[in-house]
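Asks: Protein chains in written order, with our numbering: chain P, 87 to 695; chain F, 201 to 483; chain E, 9 to 243.
The hints are simulated quantities; they were obtained by calculation from the structure and are not laboratory data.
Quick reminder that beta carbons are idealized off the backbone N, C-alpha and C, glycines included.
Don't take each hint at face value.
Unchecked claim - Chain P stretches covered by chain F per the calculated footprint, using a threshold of three residues with CB under 8 angstroms from any CB of chain F:
#1 206-216
#2 326-335
#3 365-378
#4 387-396
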Amino acid sequence: MKFFPMHTNRPLFNILVIGLLLAWVPWLGLSAFWLSFFYLILYWSVLTLSWNVFSGYSGYFSFGHGAFFGIGIYTVAYMCGQLEMSFLPMVCLAGALAGGAGVALGALVFRVKRVRGELFALLTLAVTFIIATVVLNTPIDGGPGVYLNSVQVPKLGPSTPATFYLLILILFVVALLVSRYISTSKLGVALFAIHDDEDAAEVMGVPTFKTKLAALFISSSMAGIAGGIHAVFVSYVTANEVFSINVPLFVVLMSILGGARHWAGPALGAVVITSLQYLFTIGDNALMGKMALGVILILVILFKPDGFLGNRAKANSRKAAKQIADSYGVRSNSAHQDTPTHFHVDHQHAHHHAHMGESAGKRQHSSEVLLSAKDLCMSFSGLKVLQNLNLEIYSGEILGLLGPNGSGKSTFINVVSGHYKATGGHLSLSGVEISELKAHQIAQQGVARTYQIPRPFTNLTVFENTRLVASYARGISLTQATPFAVEALEKVGLGSKIDALPQDLNLHQRKFLEFARALAAKPKLLMLDEVLSGLTPSEIQSAIDLILSIKAQGTTILFVEHVMSAVMALADRIAVINYGQLLAQGDPQEVMRNPQVITAYLGKKLDNA
Amino acid sequence: MPSLHLIIQSAVSGLLLGGLYGLIGLGLGLSWGLLGQINLAHFGFLFLSAYLSYQFSTTFAINPLWALCILPPAFFAIGAGLHALIRRFKMTPFNSLLLTFGLTVIVDALIQWIWTADFRKLEYAQSNLKLELSGIYLPYAESLSFALSVLCASAVYWVMKRTDMGKAVRAIAQDPQMSTAFGINQKFITMCLAGTCTALAAIAGICVSLIFTLNPSQLYTWIGVVFAVVMLGGLGSAFGPLLAGMLIGVSESITMVFIAPSWAPIVSFTLLIGLLLLRPDKI
Amino acid sequence: MLEIKSIQVCYGPAVALWDIDLYVNTGELVCVIGPNAAGKTTLINAVAGLNKVSKGQILFNGQDLSRTEPHLFCSYGVALVPESRRLFANMTVLENLELGSYVKEAKALRSQSLEHVLELFPAMKPKLHAAAGSLSGGQQQMVAISRALMARPKILLLDEPSLGLAPSIVLDMFKAIKQINASGISVLLVEQNVSLALDIANRAYVLEEGRIAQEGLAQDMLNSASIQKAYLGIS
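Chain P with its partners taken away, still in its complex shape (with noise of 0.2 angstroms):
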C-alpha cells in the first residue's frame, strides 16, 4: 500500500524560509524604533501562539498568561539584574520555573471535575494576584521595580536593538513550528478532542489529564522563555505592569481574532492587533485603541467566533482527510448514496437471518468468560440503579442486555466503559479488575462503547474522529494508526464521508461513525447503546448486517435495545434486567416466556393486586 506522509512539508518549509528572511532585517539599516516595532510583533506572537497551544486547542481558556510570562520575567530579572547570574541560562531557568508552575497549577486544578472552564479562567486569574503580591513582599522586586540595564547580552546583532530582535525571532520561529507540530501531532487531536468533550474523549482512550498537563507545560515555559528576554529589553520591570490586565485580555483577543483552531492564527491575530495599537499610540490615542480592542473583541465573539484562520483550519483537516482517501483509494466524493453498498436493504434478508439464526445453533457460546461483573453496585446520591448485580458475558457471544426503562441498562454500560466508578463490587476483564481504572485505561484494555446520542467530536473530519480512537485505544502512533481508521470506515460504509464533518452527517450516518470510532479501537469488547433507535427500517437491517459481521471477526459484543426483531435475530443469550438487578437470563425465546420477565415488561392488571 502506497504510503502518504500525514503532513506536507511545506508549511515547515515555509516557516524556516520566512524566520530566514526575517533574520535579515537589522542589516537593512532601519531606526531603532522600526526595531523595536519589529521585536513587538513577534513577542505578542510568541505569547499568543504559546497561550494558543494549550488554551486555544483545548479551549480551557486561561486568563492567567500573565502569570506564567511574569514569573519568566522575574526569574531573569532577579537572577540577572540582582544576583548577576548571565542571560542565556537564566532564560532558560526562566522557561523551566513557568513551566513547572504551570503543571503545578494544573495538578491542581484538573482534579475538580465539574465547572471546569470558567473555573479554570478564574483560577489563572487568581494565581496572577498572587503572584504579583510575593513579587511585590520579598526581596525578588520589594516594590520600586527592578533595573536590568547592566545586564550583559551576547551580541548577534549589529546593535542591541537587533539583538534581541533576533532573540525574539528564534524563539517566534520555534513557537511556529511548536505549534504547527502539535496541530498535527497525537496530542494534538487529544486536545482538540478534549475541546469537543472531554469525557468522551476519556472514554475513548485519551489520558485527557496528562494531556492538559503536557500541553500547559509547554505553554507556560514558552511564555517564561518570551518573558526572560522582555525583561531584558524593556531594562525596567514593575510588579503593576507585568501582572496586569494587558498580556491576558491581549493573548485571548489576538488568538480569537486569529483563529485558535488554525497553528498560525495567534500569529496573524497578534500582528493585526500589536499594528493597530501602534498606530493609535501614534497618533496619541491610546485610550481609543484600548475602546476599539473592547469593541474588536465583541464583534469577533458576536460575527466571526472561529476568527480569520478558522474556516481555513477546518478546510486543511477535510484535504488531508481527502489525501488519505485517495492515496487508499477510497471513493471520496460524496456526491451519490448515502446509504452503504455492501448490506442488502430489504425485510426479507432481515428473515432470513432470523431463520438463519433459529436452525443453525449460532446460540452456542464459548465458555471462556470475558467480562464478570459480581455483586456490582451503583448508587447516585442515595437512589440505588444497580444493586448488586452479577452478570457474565462469554468471549465471541453477542448478548443482548434488555429490561424495561430506568432498569439500569446504560448505567451498566457507563459503569464498565468508566464513565462512572462504581459505587461496589467487581469487574474484571479477562481476569483484569477494571472496577479501579480510570476509563482510559479501561479503553486501552479493550473495551469501547458507542453512545445512544451520538457524541462525535464536532470540530474533526470523520477520519479523524476514527483514526484519534484508534490511536489511543490501541496505544499506537497517529500515522500506524491511518489504514485502521481508513478500513473501519469502509466498513461501515463511511468512506465516501471520510472527509466530512460531523454536521454534515444525518443521524443514521452519524450512529455509524460511532460503529467505525469503536471498530476503529479493535476491541475485546463492544458495547452498544440503542444504536437503532431513531433508524428506519433498511437502516435497522444495514446495522444489524454490520453487527453480524463484527461478531464474525471475534469481537464480543453487548448491546441494549428496544427493537425486538432485531434482539431476537442478533443475540445468543439474553440478560433481562429489572431494578438494577438480574432478572433472568438465557436463551431469547426462553427468556421472553419467562413470567417474570413478561410482568417486568407489560406490568401486572389493577385488580390482580
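Take the given structure of chain P and dock chains F and E to it, following the hints.
Replies: Positioned in the frame of chain P, the structure of chains F and E alone reads:
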C-alpha cells in the same frame, strides 16, 4: 505584638469592608448561579456607577445618597436591555464571559476618557463622620455600605423565598423546560434578574465612591477578591457572599495587622485554593 | 377537547414522529402505549409545548397550540407530569406545589387546590417543607402529579408515571389517576406498563417507530396478540 484594641479595630474595619465585598459579589453571584453567566461587565458597571455618583454629587453639590434613587433604576434598565440584546445571539457560556470582558474594557476606556486617570475623591458632608462604640470607630461610609449590603441581601433573600417571582427564578435555574411548562415566562424573568444584578452593581458603586478614591486602573484589582467572595459564598446565594465577604475582610485586616498590609490580597486566594484542595466537589 | 392533526416532530435532523392523528374527548382517559424509543415522550412533550411541531396542528378547545408560545400552554389548561418526575429538586415540596399554580387562573385558587391535593395524597403532609430531591421515587411521583393538579388543568398529561417505581406504589398511583379522571379532568397517558394502562383507559393508541400502529378501545387491545409480539418479540 499589636494591642488588643488595634486588633479589634482592624477586625471591625475588615468586617465592614467585607460587607461591601459581599454587596459587589451579590449581583455577580446571582448572575452566575441563576443565569449561568459570568458577567465580567459587572465590574465595568460598578465603576461606572461609582464615577457617575461622584460626578452627580460634585456637580449638583448634594448628598450622594440621592444617587440611590437615580442610578440603580437606570442601571436596571441598562442591564435588562443588554441581557435582551445578548440573548438574541446564541453563544457558549465562555463566549459570553469574553463578551462581557470586552464590555468592561470599553467601559474602562470610556471612564478614562471622560474622567482621565486623575484620582477622584468624592467630597461630602458626612465623610468624616464616625460612630464610636467603646473606643472602636465605625466610619460613616463603611457602616452605610455594610448596612446597604445587609439590606440588599435580605431583600434578595425575601424575594427568592417568599415571592412567586423569586421562586420562578430559582425554578428556571433548575429546569428551564419545566418552568416553561408551568407558565413561567423565561425571557421576561431572566431579563428582570439581569437588570436586578446590574442595579445591585450600581448600589455597590455608589458605596465605593463614598469610601474610596477613584482611579480607573483599580477596576481590575477588585476582580480577584470579588470572585473569591462569590465562590466561597456559593453561587446564587443571597447571604453567602455577605458572609464570605465578612470572612475575607476580617482575614485581610488581621493579616495586615500581624504581617504586612501588602500581603492582604493573597488572603482571599489562599482561602479559595484551600477550599479547592479540601472540598473540590463543593464548587 | 384535544385534537392532534397530522403532526410531525423532529429532533434535529431526525424525524421522531410522523403524521400523528390523535384525539381526546372531554372527560376521557386515553393512553398511548408502544415499545421504547417509539416516540411516546416526544408526543407528550409536543402537547405540553416542550417540543416544537414542524408540521400539523394541535387543537385544544379550538385554540391552535402549535402556533402558541410554550409558556402559555399552562394557562390554557394543559398540565404535564413529565418522565422521571423532574421536580425542582432544590426547592421544598410546598414550593413545588406553589409553582404548579404559578399561572394567574390557578394562583387565585391556590389554597383550595392545596387542600385538595393533600386530601388526595395525605402522605405529602409531613414532607411539605422537605427538599423535593430528598424524597423517594414514589413520593416524588405524588408531588409531580399534585404539582400538575395545582395548575387546575383541563387535561392532565402523564409521561410514564410508573417509571422506576416499586410495583405496589405503581398500583396506588394508577388508582389515583383513575380518581382524578373521574373528577372530570381529561387524561392523556403515555405508559410502558401495558396492562395497567389499558386497564384504566377508555381508549388506546399504539405508537411504533414514530407512527400510530393501532388504535381502539382499551378493552379490545388487552388481549391482542400483536401487542405481545411488539413488546416481547415472541410470535
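Asks: Now look at each hint and say whether the structure bears it out.
Replies: Hint-by-hint comparison with the structure:
1. 206-216: holds (count 8)
2. 326-335: Result for this restraint: holds, n = 3.
3. 365-378: Since 4 is at least three, the answer is holds.
4. 387-396: Since three or more residues must qualify, the claim that chain F covers the stretch 387-396 of chain P holds, with 3 doing so at under 8 angstroms.
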